[in-house]
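First to last, the sequence lines map onto chains A and B.
Going by the UniProt record's numbering, 194 is the number at position 194 of the first sequence; the sequence numbering is gapless.
Going by the UniProt record's numbering, 36 is the number at position 36 of the second sequence; the sequence numbering is gapless.
Quick caveat, the hints were computed from the structure, so don't treat them as lab data.
Just so it is clear, CB atoms sit at the ideal spot from N, CA and C, and this is done for glycine as well.
Nothing false has been slipped in among the hints.
Now the in silico label distances, taken between C-beta atoms and shown as ranges:
1) A:P136 with B:I4: 31 to 39 angstroms
2) B:A187 with A:P202: 51 to 59 angstroms
3) B:G60 with A:Y62: 34 to 42 angstroms
4) A:H52 with B:K206: 33 to 41 angstroms
5) B:T212 with A:P202: 44 to 52 angstroms
6) B:H191 with A:D61: 21 to 29 angstroms
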Amino acid sequence: MAIVLYGVSTYNCQRVTSALLEFGIEDFELIKVDLKEREHFSPEYLAMQPFHQVPVFESGDYRLYESRAIVRYFAEKYKDAGPSILGSTLEEKALVNQWVDTEAHQFNDFAFAPWSMEYLMSWRLKRPLDEALVAPLYEKLGYFLDVAEKQLSKTKYLAGNFFSLADLNIAPSLLRVSVLQPELINDRKNVRAWFESITSRPAFKKMLEADKGWRFPYGPFTNEEAQKLRTS
Amino acid sequence: MGIIVLGSYLSPYTLRVLIELEELGVDYELKLVNLKQGEHRTPEFLKMQPFGQVPVLQDGELTLFESRAITRYLAEKFDGQGTPLLGKSMKEKALVNQWVEVESQNYDRPLISIVEQVVWTPSWGKTTNEEIVAAEMAKLEKVLDIYEVQLTNHKYLAGDFFSLADLGHLPGTHLLVNIGKKGAIFAARPHLNAWWEDISSRPSFKKIMAKTS
Numbered sequence: 001m002a003i004v005l006y007g008v009s010t011y012n013c014q015r016v017t018s019a020l021l022e023f024g025i026e027d028f029e030l031i032k033v034d035l036k037e038r039e040h041f042s043p044e045y046l047a048m049q050p051f052h053q054v055p056v057f058e059s060g061d062y063r064l065y066e067s068r069a070i071v072r073y074f075a076e077k078y079k080d081a082g083p084s085i086l087g088s089t090l091e092e093k094a095l096v097n098q099w100v101d102t103e104a105h106q107f108n109d110f111a112f113a114p115w116s117m118e119y120l121m122s123w124r125l126k127r128p129l130d131e132a133l134v135a136p137l138y139e140k141l142g143y144f145l146d147v148a149e150k151q152l153s154k155t156k157y158l159a160g161n162f163f164s165l166a167d168l169n170i171a172p173s174l175l176r177v178s179v180l181q182p183e184l185i186n187d188r189k190n191v192r193a194w195f196e197s198i199t200s201r202p203a204f205k206k207m208l209e210a211d212k213g214w215r216f217p218y219g220p221f222t223n224e225e226a227q228k229l230r231t232s
Numbered sequence: 001m002g003i004i005v006l007g008s009y010l011s012p013y014t015l016r017v018l019i020e021l022e023e024l025g026v027d028y029e030l031k032l033v034n035l036k037q038g039e040h041r042t043p044e045f046l047k048m049q050p051f052g053q054v055p056v057l058q059d060g061e062l063t064l065f066e067s068r069a070i071t072r073y074l075a076e077k078f079d080g081q082g083t084p085l086l087g088k089s090m091k092e093k094a095l096v097n098q099w100v101e102v103e104s105q106n107y108d109r110p111l112i113s114i115v116e117q118v119v120w121t122p123s124w125g126k127t128t129n130e131e132i133v134a135a136e137m138a139k140l141e142k143v144l145d146i147y148e149v150q151l152t153n154h155k156y157l158a159g160d161f162f163s164l165a166d167l168g169h170l171p172g173t174h175l176l177v178n179i180g181k182k183g184a185i186f187a188a189r190p191h192l193n194a195w196w197e198d199i200s201s202r203p204s205f206k207k208i209m210a211k212t213s
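Isolated chain A, as found in the complex (with noise of 0.2 angstroms):
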């Protein structure tokens, strides 16, 4: 059943794109869901996702929505495709679940969404970023990366030796970090590691060529080359 996937560029569509590419999937038909023009908005995607967000995945009558629920089936139907990203064991599971879901409370909803869509806005409206919001999003960013890197001091990925759903979840939005605010990445010598090598993965950087919607060239940059672009 051909697999069809609505929604590019953003970091949750690109989290369900890298995570087919990880199980060896490459067989897939993207299709922009245009944002700007309100897309998502329309009656036929609504019927898909009445919640009108990106991604959705659609294979045959079969849809489904939520980017980390999707990612979380391709790792259960392509559990043999490869070693487990979502653990072994019943504790590892939960630790890799208790990670996931850190990155969802405490990274992505808490801090890096509002955090970089303010940088989004003001690129894309052509005015100076507001400090008094950016400020205390970019404190709690660091506070998670502190956490992470104190956990990457014991163990290779987030939650264990192993890379897990964790890990893939949080590369395209560490992505971003790296391109507005290295510093948070690169003045933390385990997290620029880890950082690294999770999007170093061949199915990252393919990720990456098949989102021909990603603007900026990839990094990872030292904190200079994003100030460059920052102001370019």
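Given chain A's structure and the hints, the job is docking chain B onto it.
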């Protein structure tokens, strides 16, 4: 040594785990964390949960945080005991996960903002910000419209079976509807309301709610 839950009856995230333990028929010990006295911010607590939040689960050597990771772990560990919560086929399981994400991303966030204003803020002796309430209620009502459509076509969120997805809505919705007195937005949507009446009549929910009063 059995299962230990560190948490508070004030926390809907703790209650989610306790309700599930009842559904699974699993014994546990509850160690209360005094949120009012900031016990969740002490160095000892932060060693276990670096973000200073409840609940935390201890099961033998395993220490686990994030309530949805905890509920998923318990559902997997005790699969076959008590109420089945995950779905049977791979596709069913994925739909359960989809609605767990919807609850986490789209439902819980406006709900908790409203509960914070209408329930917790007065309890701290402060004034409710009615502007925030109005804005968040508008967001939540849009989400509830989507739920109404889903529940017109299915008895429960992920299909015709009660799952982790429905269970996750119980404690927060209780705070919103029963304590916060915002039930009118449910009553206005008949299928949503019927679903709420159904899931909130489950013995597991009633048993845990009796402990919070």
